[in-house]
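Residue numbers (our numbering), protein chains in the order written: chain A, 1366 to 1680; chain B, 1366 to 1680.
Keep in mind that the hints were calculated from the coordinates and are not lab data.
Just so it is clear, CB atoms sit at the ideal spot from N, CA and C, and this is done for glycine as well.
A portion of the hints provided could be inaccurate.
[Claimed, not checked] Simulated crosslink set (EDC-like; lysine to aspartate or glutamate; CA at most 20 angstroms straight-line):
id	chain 1	residue 1	chain 2	residue 2
1	B	K1562	B	D1589
2	A	K1642	B	D1589
3	B	K1654	B	D1489
4	B	K1642	A	E1532
5	B	K1642	B	E1598
[What the hints assert, rightly or not] Now the stretches of chain A that chain B is said to cover, found in silico as 3 or more residues with beta-carbon under 8 angstroms:
id	region
6	1497-1508
7	1511-1523
Here is what each chain is made of, one letter per residue.
2 protein chains.
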Amino acid sequence: MIIGFDVGGTNARGILMDANGETIIDRVARSSDGSGPELVARLAEMVAELSERNDAAIDSIGLGIAGLAHRSGVVRYSPNLPNLIEFPVGSELASAVRCPVTVINDATAGAWAEAQLGAGRGVDNIAFVALGTGIGTGLVVDGVLLMGANGFAGESGHMVVDANGPEHVTGQRGPWEYYASGSALGRMGREAALAGKFDHGIALAGGIDAITGYHVVERNAAGDQQATAIFDEFCRDVALGVANLVLILDTELVILGGGLTDIGEPLRDGVESWLRKLMPGGSWRPEVKVVIAELGVEASTIGAALMSLDPPLDA
Amino acid sequence: MIIGFDVGGTNARGILMDANGETIIDRVARSSDGSGPELVARLAEMVAELSERNDAAIDSIGLGIAGLAHRSGVVRYSPNLPNLIEFPVGSELASAVRCPVTVINDATAGAWAEAQLGAGRGVDNIAFVALGTGIGTGLVVDGVLLMGANGFAGESGHMVVDANGPEHVTGQRGPWEYYASGSALGRMGREAALAGKFDHGIALAGGIDAITGYHVVERNAAGDQQATAIFDEFCRDVALGVANLVLILDTELVILGGGLTDIGEPLRDGVESWLRKLMPGGSWRPEVKVVIAELGVEASTIGAALMSLDPPLDA
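One chain only, chain A, in its complex shape (with noise of 0.2 angstroms):
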């Protein structure tokens, strides 16, 4: 059997499948918290866990996580988790628990996820946009999951689409993911409130400090219209650098993923809105489609077991 594991800013969370990664079997979750040996220990009693409790052999682990995963296993920089830099988590854990190990960035284990298991199944081009704090990517093109030369394909959050915006926290003028990420979505909240348009959003976080892009979300699905018109303007910052990706890309398929996919609907309609009024040349393109993510929490969890059967060669 393989194990998946998501390694995030505050849990690592495990899952055991069968060996095909056709069904998951049982799950797992500890605290990612402390240094990296702390965390090695801790996935290791995960997989014991999983292994113990359901008499399974384990073939093979996938890691995804945050950030720069280099191919090599090693863990050159995570935003989420400062004390993996330069870590080398998959050796480690290979030798702890005596399993080949496979690290893989969390995003672009969940595109591979959604491309085998979820909503892009059958189809061969998909961009797995995956909006929370931040943007992560992962991305499909002719059937294979892009990889790049260190393993670091995917990192579409840090493009620049308004080169002369504001500084962002790494350095760069206005990045995809300042204009459309969950953080962007309050930021853009607390702009309109100061502003004096979204007084209902005030009222409803208890001052303009505190609104955050949650506030946005349920006065826009309260139809409040001060709020739909931030969401809108979210919504098309987000189809920006979307189409950005189905033009260098040939995207068929646009797959949202991450936290903000709670919203469902009314950000789907959005995004597929904005981005077929978005991409030029429209006319001798077939419309390109944006669902919803069907795995949910679990798609970098199960991206990352699958990724172990059959896992990128080290560069």
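Assemble the complex: chain A is given as a structure, and chain B must be docked to it using the hints.
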């Protein structure tokens, strides 16, 4: 033996290569004007000429063309060849010469030629960026040439990099091509001249309106500091879009092609230097190399011929 064509707005150039696509044996060229059927007749004439002159049986033909060349061999839209819109040039030529024909975007073809026989030999992750009147790109990731759902992958020139920028002919605001093509370099020269910042350019061109990219390049080569400032800004704008491609695809080698590569080292060095400044997370990533294409104006003809050996399947 195999034949490759590059059909541009003015000329159609063809080459005959050996059956393995290793050596160029002969060359031919004709005008590309007229209707779709007229172009097909002229291409068929060139096939006959190459075949007879070299006593060669033709196994396959590849045809590179600017614009949206569909996998099926239909040119959906070509900005330089308005008579070819929605014209099934692939099947028409195949019927005329009784030989399989593969139709492919010219920059995609150029990328494949550089990857196989040019500056990208032995490299698996390549962005080929053809800088001419516009920007065309061809992309190789994990050793695979990206085609996409329709064969339209690599339309990166339309990627928006300045969402609040001026409106382009495509209807978009601030696409990369607006800032970083040969046309852009000329416009930047005229804008600088209007602002009193390109005095020698006006003298060289004989007037502000007559300034083109050529004059900026000439004065830059002569050490004119005003021209150097314009050219440096241009190199930054090229690098801005290249950085986006590297983030999305984890490219290890950028090959600059197209007419602007006549500039040579100043362009290569300028783009590479700016790329290092613009890439976020630079210290965690191996540096990306920027080189000038090796196959010059024949990259697309060679690439088209090579693609005919292993044509992408119709989706």
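To see whether the hints hold, each was checked on the structure:
no. : hint                  : result
1   : K1562(B) <-> D1589(B) : 11 angstroms, holds
2   : K1642(A) <-> D1589(B) : 43 angstroms, violated
3   : K1654(B) <-> D1489(B) : 13 angstroms, holds
4   : K1642(B) <-> E1532(A) : 14 angstroms, holds
5   : K1642(B) <-> E1598(B) : 13 angstroms, holds
6   : 1497-1508             : holds (count 4)
7   : 1511-1523             : holds (count 12)
The structure fails to meet hint 2 from the earlier list, while all remaining hints are met.
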